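Student: Sequence:
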Amino acid sequence: MTGSGGPVAMFSVWDYVVFAGLILFAAGIGLFQAIRGRKDTSSNEFLLGGRQMTAVPVALSLTASFMSGITVIGTPAEAYLYGTPFWLFVFSYSIMSAISAEIFVPLFYRLGITSTYEYLEMRFSKLIRIIGTSMYIAQTALYTGMVIYAPALALNQITGLDLWGVLVATGAVCIIYCTLGGLKAVIWTDVFQMVIMLAGFVAVIARGSVLQGGLGKIWNDSYHGGRLETFSFDPDPLKRHSFWTIVVGGSLMWASMYSINQSQVQRYISCKTMTQAKLSLYVNMVGLWVTVSLAMLSGLTMYSIYKDCDPFTNKDVGATDQLLPYLVMDILADFPGLPGLFVAAAYSGTLSTVSSSINALVAVTVEDFMKPALPWLTEKQLSWINMGMSVFYGAVCIGMAGIASLMGNILQAALSIFGMISGPLLGLYLLGIFFRCVNSIGGLAGLICGLVITLWVGIGAQIYPPLPEKTLRLPLSVEGCISWDMNQTTTVTPFSTVLQTTTTNPRPALADNWYSLSYLYFCPVGILVTMITGLIVSAISGGCKQEKLRPELFIRKSDLLYFGCSREDTEKSKSDLIEKEPNHIQGLDSPVFYDNEIALTEKDLEKITRF
Numbered sequence: 169m170t171g172s173g174g175p176v177a178m179f180s181v182w183d184y185v186v187f188a189g190l191i192l193f194a195a196g197i198g199l200f201q202a203i204r205g206r207k208d209t210s211s212n213e214f215l216l217g218g219r220q221m222t223a224v225p226v227a228l229s230l231t232a233s234f235m236s237g238i239t240v241i242g243t244p245a246e247a248y249l250y251g252t253p254f255w256l257f258v259f260s261y262s263i264m265s266a267i268s269a270e271i272f273v274p275l276f277y278r279l280g281i282t283s284t285y286e287y288l289e290m291r292f293s294k295l296i297r298i299i300g301t302s303m304y305i306a307q308t309a310l311y312t313g314m315v316i317y318a319p320a321l322a323l324n325q326i327t328g329l330d331l332w333g334v335l336v337a338t339g340a341v342c343i344i345y346c347t348l349g350g351l352k353a354v355i356w357t358d359v360f361q362m363v364i365m366l367a368g369f370v371a372v373i374a375r376g377s378v379l380q381g382g383l384g385k386i387w388n389d390s391y392h393g394g395r396l397e398t399f400s401f402d403p404d405p406l407k408r409h410s411f412w413t414i415v416v417g418g419s420l421m422w423a424s425m426y427s428i429n430q431s432q433v434q435r436y437i438s439c440k441t442m443t444q445a446k447l448s449l450y451v452n453m454v455g456l457w458v459t460v461s462l463a464m465l466s467g468l469t470m471y472s473i474y475k476d477c478d479p480f481t482n483k484d485v486g487a488t489d490q491l492l493p494y495l496v497m498d499i500l501a502d503f504p505g506l507p508g509l510f511v512a513a514a515y516s517g518t519l520s521t522v523s524s525s526i527n528a529l530v531a532v533t534v535e536d537f538m539k540p541a542l543p544w545l546t547e548k549q550l551s552w553i554n555m556g557m558s559v560f561y562g563a564v565c566i567g568m569a570g571i572a573s574l575m576g577n578i579l580q581a582a583l584s585i586f587g588m589i590s591g592p593l594l595g596l597y598l599l600g601i602f603f604r605c606v607n608s609i610g611g612l613a614g615l616i617c618g619l620v621i622t623l624w625v626g627i628g629a630q631i632y633p634p635l636p637e638k639t640l641r642l643p644l645s646v647e648g649c650i651s652w653d654m655n656q657t658t659t660v661t662p663f664s665t666v667l668q669t670t671t672t673n674p675r676p677a678l679a680d681n682w683y684s685l686s687y688l689y690f691c692p693v694g695i696l697v698t699m700i701t702g703l704i705v706s707a708i709s710g711g712c713k714q715e716k717l718r719p720e721l722f723i724r725k726s727d728l729l730y731f732g733c734s735r736e737d738t739e740k741s742k743s744d745l746i747e748k749e750p751n752h753i754q755g756l757d758s759p760v761f762y763d764n765e766i767a768l769t770e771k772d773l774e775k776i777t778r779f
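Using the numbering used here, the first residue of the sequence shown is number 169, and each one after it goes up by one.
Honestly, the hints are just simulated from the structure, not real lab data.
These numbers were taken from a predicted model, which means no experiment stands behind them.
Backbone N, C-alpha and C fix where the C-beta goes; we use that ideal spot for every residue, glycine too.
The reader is advised that the hints may include incorrect statements.
[As the list claims (entries may be wrong)] Computed Cβ-Cβ distance ranges for the label pairs, DEER-style:
{"#": "1", "residue 1": "Arg-724", "residue 2": "Trp-387", "range": "28 to 34 Å"}
{"#": "2", "residue 1": "Trp-182", "residue 2": "Pro-403", "range": "50 to 56 Å"}
{"#": "3", "residue 1": "Trp-457", "residue 2": "Arg-724", "range": "27 to 33 Å"}
{"#": "4", "residue 1": "Ala-374", "residue 2": "Trp-457", "range": "43 to 49 Å"}
{"#": "5", "residue 1": "Asp-402", "residue 2": "Arg-718", "range": "23 to 29 Å"}
{"#": "6", "residue 1": "Glu-547", "residue 2": "Ala-374", "range": "33 to 39 Å"}
{"#": "7", "residue 1": "Ser-302", "residue 2": "Arg-724", "range": "56 to 62 Å"}
{"#": "8", "residue 1": "Pro-643", "residue 2": "Val-458", "range": "39 to 45 Å"}
{"#": "9", "residue 1": "Gly-189", "residue 2": "Ile-627", "range": "39 to 45 Å"}
{"#": "10", "residue 1": "Trp-552", "residue 2": "Glu-720", "range": "30 to 36 Å"}
{"#": "11", "residue 1": "Ala-374", "residue 2": "Ser-180", "range": "38 to 44 Å"}
{"#": "12", "residue 1": "Pro-674", "residue 2": "Gly-394", "range": "17 to 23 Å"}
{"#": "13", "residue 1": "Trp-457", "residue 2": "Ile-704", "range": "38 to 44 Å"}
[Stated by the list, open to error] Okay, derived cross-link-like pairs now, DSSO-like style, lysine-lysine, Cα gap no bigger than 27 Å in a straight line:
{"#": "14", "residue 1": "Lys-539", "residue 2": "Lys-725"}
{"#": "15", "residue 1": "Lys-440", "residue 2": "Lys-548"}
{"#": "16", "residue 1": "Lys-483", "residue 2": "Lys-638"}
{"#": "17", "residue 1": "Lys-638", "residue 2": "Lys-475"}
{"#": "18", "residue 1": "Lys-440", "residue 2": "Lys-638"}
{"#": "19", "residue 1": "Lys-294", "residue 2": "Lys-638"}
{"#": "20", "residue 1": "Lys-548", "residue 2": "Lys-407"}
{"#": "21", "residue 1": "Lys-440", "residue 2": "Lys-483"}
{"#": "22", "residue 1": "Lys-294", "residue 2": "Lys-475"}
{"#": "23", "residue 1": "Lys-475", "residue 2": "Lys-385"}
{"#": "24", "residue 1": "Lys-539", "residue 2": "Lys-385"}
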């Protein structure tokens, strides 16, 4: 009986058919893009889709790439265990979109870059560019391993699919359409996968509503279970989720993902105009709102069904990330094909993230390491290198899944990784964009200090998790459970628990304050340490008096007002770049720089040039 505990049904033949069919169709999109674009095999076409994409497919791809299997499985479990504070991320998504669209899009378009880390060399030094690229590669490989492993583990426990077989198959499908189709294949596949993910949530909510007697009953159960206490204005930085940790810390963390993360930047600079790029970020914002809202409703539906018999406490599942797959097999098993649709939704999220990560890793490797070291490579040779690197990084990400298996709560762990590494990087970009007085010595010192501090607090928090009074997990009941054989489940022990049980040392003094800092504040801490250290060291080392800085490397007032670049303004910026630093002009011939989307008079052009 639904909601009373015990084993659930396994996959039926129709579920396998639906699951396999949807995944193969996704791979087919990649093959179609490869065949359709086989005449143009340039590196620009492979990595940036020829810079001819439009806003809506790019927006859906932006949404899908971080709405991974971790989101599909982890966010409903978050609502089930902790309630709806996570819903406040809709404010974070709005702030992040404005920062990315109005500050970083104009900068990257003006410079015509393929790798976001090219900017670090233009503004600071080649060493800082290499360090920044290496940080991104390490972060993305680990995160992608987690994205592959976590849904595979959860679904393996519920569906009986072989864990490592699924991992390898996931990586193989991504490698195929990344290698053959490039960015266009990734974007159009993401569009399809986004639809599948949303359909999976809708199926869970609709079926749960029918079983429970309507959304009103689900909402009422959630209210009485304390799941709807969304707004907490407690300023305590140690509290896991509050209005301040999510709106302040969450906004900066998501800004670090969208503003400077190659996986995302590569998408919106593939748009054919700057207006399309900005629009893609704002449409993506709406997509994020819809996705997180459906995920939250799925979690509340799960609570309404299991309020009297928690599957985790009852040991029906071995980890909280298995709760939603368990629910799916519990309530949708009577509808052949629907569990297959949900599993496809989780794996669509995984495939979209893995494919975007592979494509972005290839882009930064080729642009930041291959081209500078081997400038004589032809376009054809670069195309073969792009394909070879796709295969290599696909294999690396599958291997990193083993490391990801040592992490605890996958949603929190994934966001923590971005905070620890992207925080200092975002601080470095903000130093470069807003402060002309910061030099390369200060930038390097700030980046290293910021990274050391965030790794310290992040790793400490993993070894010594915050106490329950700070995490605020809500109570669950097993009073309505029907007893059954307790030996039919496998318990998954989080890495942090293993570390605690294998050591006799007591918790250090820092464990209940510094290491208990909300994971959403890792990013702001990294930004502040990087910026403060960078400014101080730059002041001590003489600032930028010895360096001739180009004005196009800094934010302009007009970036917030104009949606397009005129041909005259572009030619002037391009000639300045060539004259002052000829080594950084790749990409300036892109059609995006001849985007005359607003009717400018001669007087307007004079003002822009004068500015």
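Student: Work down the list of hints and note, for each, if the structure agrees.
Tutor: Now for the hints, and whether the structure bears them out:
1. Checking the proposed 28 to 34 Å range against Arg-724 and Trp-387 shows it is violated: the Cβ atoms sit about 48 Å from each other.
2. Restraint check, Trp-182 to Pro-403: a C-beta distance of roughly 52 Å satisfies the suggested window 50 to 56 Å.
3. A hinted range of 27 to 33 Å holds for the C-beta pair Trp-457 and Arg-724, which are about 30 Å apart.
4. Taken as a hint, the range 43 to 49 Å is violated for the pair Ala-374 and Trp-457, whose Cβ atoms sit roughly 20 Å apart.
5. Checked against the hint of 23 to 29 Å, the C-beta distance between Asp-402 and Arg-718 comes to roughly 46 Å, which is inconsistent with it.
6. A beta carbon spacing of about 50 Å between Glu-547 and Ala-374 contradicts the range 33 to 39 Å that was offered as a hint.
7. Distance hint for Ser-302 and Arg-724: a CB-CB separation of about 30 Å, inconsistent with the stated range 56 to 62 Å.
8. Distance hint for Pro-643 and Val-458: a CB-CB separation of about 30 Å, inconsistent with the stated range 39 to 45 Å.
9. Taking the beta carbon of each, Gly-189 and Ile-627 are about 43 Å apart, inside 39 to 45 Å as hinted.
10. Under the hint 30 to 36 Å, the C-beta atoms of Trp-552 and Glu-720, about 34 Å apart, fit the expected range.
11. Here the CB-CB span from Ala-374 to Ser-180 is close to 20 Å, at odds with the stated 38 to 44 Å.
12. Restraint check, Pro-674 to Gly-394: a C-beta distance of roughly 32 Å breaks the suggested window 17 to 23 Å.
13. Distance hint for Trp-457 and Ile-704: a CB-CB separation of about 40 Å, consistent with the stated range 38 to 44 Å.
14. With a C-alpha separation of about 33 Å, the suggested pairing of Lys-539 with Lys-725 is violated against the 27 Å cut-off.
15. With a C-alpha separation of about 24 Å, the suggested pair Lys-440 and Lys-548 falls inside the 27 Å cut-off, and the hint holds.
16. A C-alpha spacing of about 25 Å is found between Lys-483 and Lys-638, which places the hinted pair at or below 27 Å, so the restraint holds.
17. For the hint linking Lys-638 to Lys-475, the alpha-carbon distance of about 23 Å falls within 27 Å, and the restraint holds.
18. A C-alpha spacing of about 47 Å is found between Lys-440 and Lys-638, which places the hinted pair above 27 Å, so the restraint is violated.
19. For the hint linking Lys-294 to Lys-638, the alpha-carbon distance of about 42 Å lies beyond 27 Å, and the restraint is violated.
20. The suggested pairing of Lys-548 with Lys-407 is violated, with an alpha-carbon distance near 53 Å, which exceeds 27 Å.
21. For the hint pairing Lys-440 with Lys-483, the CA-to-CA distance comes to about 52 Å; that exceeds 27 Å, so the pair is violated.
22. Distance check on the hinted pair: Lys-294 and Lys-475 sit about 56 Å apart at the alpha-carbon level, beyond 27 Å; violated.
23. Taken as a hint, the Lys-475 and Lys-385 pair is honoured in the structure, with Cα atoms around 12 Å apart against an allowance of 27 Å.
24. Pair hint Lys-539 plus Lys-385 does not hold up; C-alpha atoms about 60 Å apart against a cutoff of 27 Å.
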